[in-house]
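Chain order of the listed sequences is A and B.
First residue of the first sequence: 32, per my numbering; consecutive thereafter.
First residue of the second sequence: 5, per my numbering; consecutive thereafter.
One should not assume that every hint holds.
[What the hints assert, rightly or not] 16 Å max Cα-Cα, derived EDC-like pairs, lysine to aspartate or glutamate:
1) B:K102 - B:D50
2) A:K268 - A:E296
3) A:K280 - B:D137
4) A:K264 - A:E171
5) B:K55 - B:D137
6) A:K280 - B:E122
What the hints contain is simulated information worked out from the structure, not anything from laboratory work.
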Amino acid sequence: MLLLSLAYQSLRHRKLTSALTVFSIALSVALLVGVELVRMGARESFSHTISQTDLIVGARGGSLQLLLYAVFRMGSATNNITYESYRQFAEHPAVEWTIPYSLGDSHRGFRVVGTTGDFYTRYRFRRDRRIEFTAGHAPENVFQVAIGSDVAAALGYRLGDAVTLTHGVSSGRGILDHEDRPFKICGILQRTATPVDRSLYVPLEGMEAMHLDWGDGAPPLPGEATPASKIHKEDMKIKQITAFLLRAKSRIDTLRLQREINTNEPEALMAVIPGVALGELWRTIGYAEDALAVVTVFVLVVGLLGMLVSLYTSLNERRREMAILRAIGAGPRNIVFLLVAESGLLALAGTVLGVALVYGLTWLSQPAVEHHFGLFLPVVAPTPTGWAYMSAVVVAGLLIGFVPAVKAYRNALADGLGIRL
Amino acid sequence: MKLARMVAGLWLASGAAISQQRVDWVQLRGYNYKTGRINADAKSLDQAMVKISGFMVPFDDEQSTTDEFLLVPQLGQCIHIPPPPPNQVVLVRMNDRKRAAVSWDRPVVVTGKMSIGESKNPHGRVLYRLAADKVDVVTGY
Numbered sequence: 032m033l034l035l036s037l038a039y040q041s042l043r044h045r046k047l048t049s050a051l052t053v054f055s056i057a058l059s060v061a062l063l064v065g066v067e068l069v070r071m072g073a074r075e076s077f078s079h080t081i082s083q084t085d086l087i088v089g090a091r092g093g094s095l096q097l098l099l100y101a102v103f104r105m106g107s108a109t110n111n112i113t114y115e116s117y118r119q120f121a122e123h124p125a126v127e128w129t130i131p132y133s134l135g136d137s138h139r140g141f142r143v144v145g146t147t148g149d150f151y152t153r154y155r156f157r158r159d160r161r162i163e164f165t166a167g168h169a170p171e172n173v174f175q176v177a178i179g180s181d182v183a184a185a186l187g188y189r190l191g192d193a194v195t196l197t198h199g200v201s202s203g204r205g206i207l208d209h210e211d212r213p214f215k216i217c218g219i220l221q222r223t224a225t226p227v228d229r230s231l232y233v234p235l236e237g238m239e240a241m242h243l244d245w246g247d248g249a250p251p252l253p254g255e256a257t258p259a260s261k262i263h264k265e266d267m268k269i270k271q272i273t274a275f276l277l278r279a280k281s282r283i284d285t286l287r288l289q290r291e292i293n294t295n296e297p298e299a300l301m302a303v304i305p306g307v308a309l310g311e312l313w314r315t316i317g318y319a320e321d322a323l324a325v326v327t328v329f330v331l332v333v334g335l336l337g338m339l340v341s342l343y344t345s346l347n348e349r350r351r352e353m354a355i356l357r358a359i360g361a362g363p364r365n366i367v368f369l370l371v372a373e374s375g376l377l378a379l380a381g382t383v384l385g386v387a388l389v390y391g392l393t394w395l396s397q398p399a400v401e402h403h404f405g406l407f408l409p410v411v412a413p414t415p416t417g418w419a420y421m422s423a424v425v426v427a428g429l430l431i432g433f434v435p436a437v438k439a440y441r442n443a444l445a446d447g448l449g450i451r452l
Numbered sequence: 005m006k007l008a009r010m011v012a013g014l015w016l017a018s019g020a021a022i023s024q025q026r027v028d029w030v031q032l033r034g035y036n037y038k039t040g041r042i043n044a045d046a047k048s049l050d051q052a053m054v055k056i057s058g059f060m061v062p063f064d065d066e067q068s069t070t071d072e073f074l075l076v077p078q079l080g081q082c083i084h085i086p087p088p089p090p091n092q093v094v095l096v097r098m099n100d101r102k103r104a105a106v107s108w109d110r111p112v113v114v115t116g117k118m119s120i121g122e123s124k125n126p127h128g129r130v131l132y133r134l135a136a137d138k139v140d141v142v143t144g145y
């Protein structure tokens with residue numbers, strides 16, 4: 032105990048060096064734990080987004096691409112699928128329910144999704160949570176829109192506001208706006224912490240109505256457009272959708288259904304199982320994660336080496352101190368213990384500070400990160416890997432302490448007492 | 005005393021091993037998914053405690069653990085031939101809110117109670133369900 036307090040006092044005596052050492056270890060620990068936290072956050076934000084869905088169906092292309100645009104609102108589809116093909120599988124005897132999505136438009140950087148009432152009743156995330164409204168209700172008319180909570184918060188929209196949707200997907204205000212046909216906000220969705228929050232939802236008919244008279248790919252000229260007042264839900268004929276989610280009556284049919292959709296004639300369709308497609312994504316990203324982990328381990332090694340250097344060089348200044356300790360009766364074991372305790376304390380302080388740093392920063396930056404990157408960083412207890420990193424740092428600190436300790440122990444008594452200051 | 009405990013342990017272990025029938029995928033084919041006829045060999049699996057190995061096909065997007073998945077005899081889906089027929093797929097659900105670790109490329113051994121149901125759907129009438137107590141990843145194969 033006396034030696035521990037001596038170690039502490041000795042560290043305090045060299046405040047600046049100790050503080051710098053602790054800080055450099057803290058930074059490397061923060062990096063190590065932070066990377067682990069971000070990795071976990073990325074996985075967490077991706078999982079729990081879609082539940083109870085057996086297949087995602089879209090035009091034939093890459094399975095990952097389909098998963099990304101249909102579920103995570105990232106990237107875009109290469110082709111739409113006809114409404115007839117959709118109906119064919121929606122009415123399939125083995126299918127329990129479907130949710131159609133029509134994508135491709137945006138509003139100030141947020142995606143617009145054309146869907147049906149099934150979305151509000153059938154969609155599930157986080158195992159069994161469903162879509163709920165903080166205000167209003169699901170769209171009933173052609174020109175009504177329900178908005179996700181992030182959209183409402185970021186743009187300050189309230190019920191009854193009129194919004195103009197933009198043709199295509201741009202990150203701000205568009206050039207080709209569907210100005211002639213504004214949508215009225217009829218509902219605001221409750222926060223889900225999934226990409227659902229970052230979209231606007233219009234009826235499928237609304238999506239069609241928006242593009243009415245756009246036959247040749249450009250908006251109708253002034254005066255040529257059908258006035259919004261003349262567009263009725265019943266008259267809108269849905270020609271195409273982009274993708275749909277499907278739930279089989281019995282999950283055991285999933286593989287057969289998938290095959291049936293993949294070999295569908297004449298339209299080329301593709302079905303993916305969400306869990307399997309996401310697994311592919313993780314295995315692809317796995318390499319990058321590993322690379323990042325390797326880099327952080329190197330950073331940690333550098334931090335620990337810095338500690339070794341500072342302890343080792345301080346020994347030179349402390350030859351007299353060591354000699355006096357030996358002279359007043361401290362055995363070699365006490366000297367070793369003292370130096371190991373010092374480096375252990377430094378490592379421990381560095382780890383604690385590093386963890387505090389990373390959690391503090393996470394807590395502070397959480398809203399900003401979530402808003403800008405759609406990444407939810409959870410402030411949760413460290414994972415087993417996190418704990419392993421932290422204990423590894425402290426253990427490494429203790430082990431490193433042995434290097435100067437052995438050196439001090441080997442130094443002759445006379446070496447310290449004989450020097451002239 | 006120690007010896008007695010060891011013997012008891014051994015007896016229990018062997019007893020547990022006997023009560024779980026090791027099931028082969030061929031045995032499951034005894035239920036004809038087209039005609040709905042079932043032979044005695046397959047029929048005996050109903051309500052039996054079984055052990056069966058295969059590959060996992062998880063549905064939901066949770067990547068670490070799952071409570072419901074399909075067990076199939078081959079890894080991935082070969083696109084040259086149709087997927088396994090209904091009598092070569094087992095719908096596994098974990099018991100008592102247990103969760104199984106997702107295994108992508110290693111086969112698993114599932115231990116639990118098998119039940120044979122019938123489903124009315126265009127793909128076939130067979131439905132093998134397994135209420136699982138344990139899912140172990142096969143190592144060193």
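Here's how the hints hold up against the structure:
1. B:K102 - B:D50: 22 Å, violated
2. A:K268 - A:E296: 23 Å, violated
3. A:K280 - B:D137: 25 Å, violated
4. A:K264 - A:E171: 9 Å, holds
5. B:K55 - B:D137: 10 Å, holds
6. A:K280 - B:E122: 13 Å, holds
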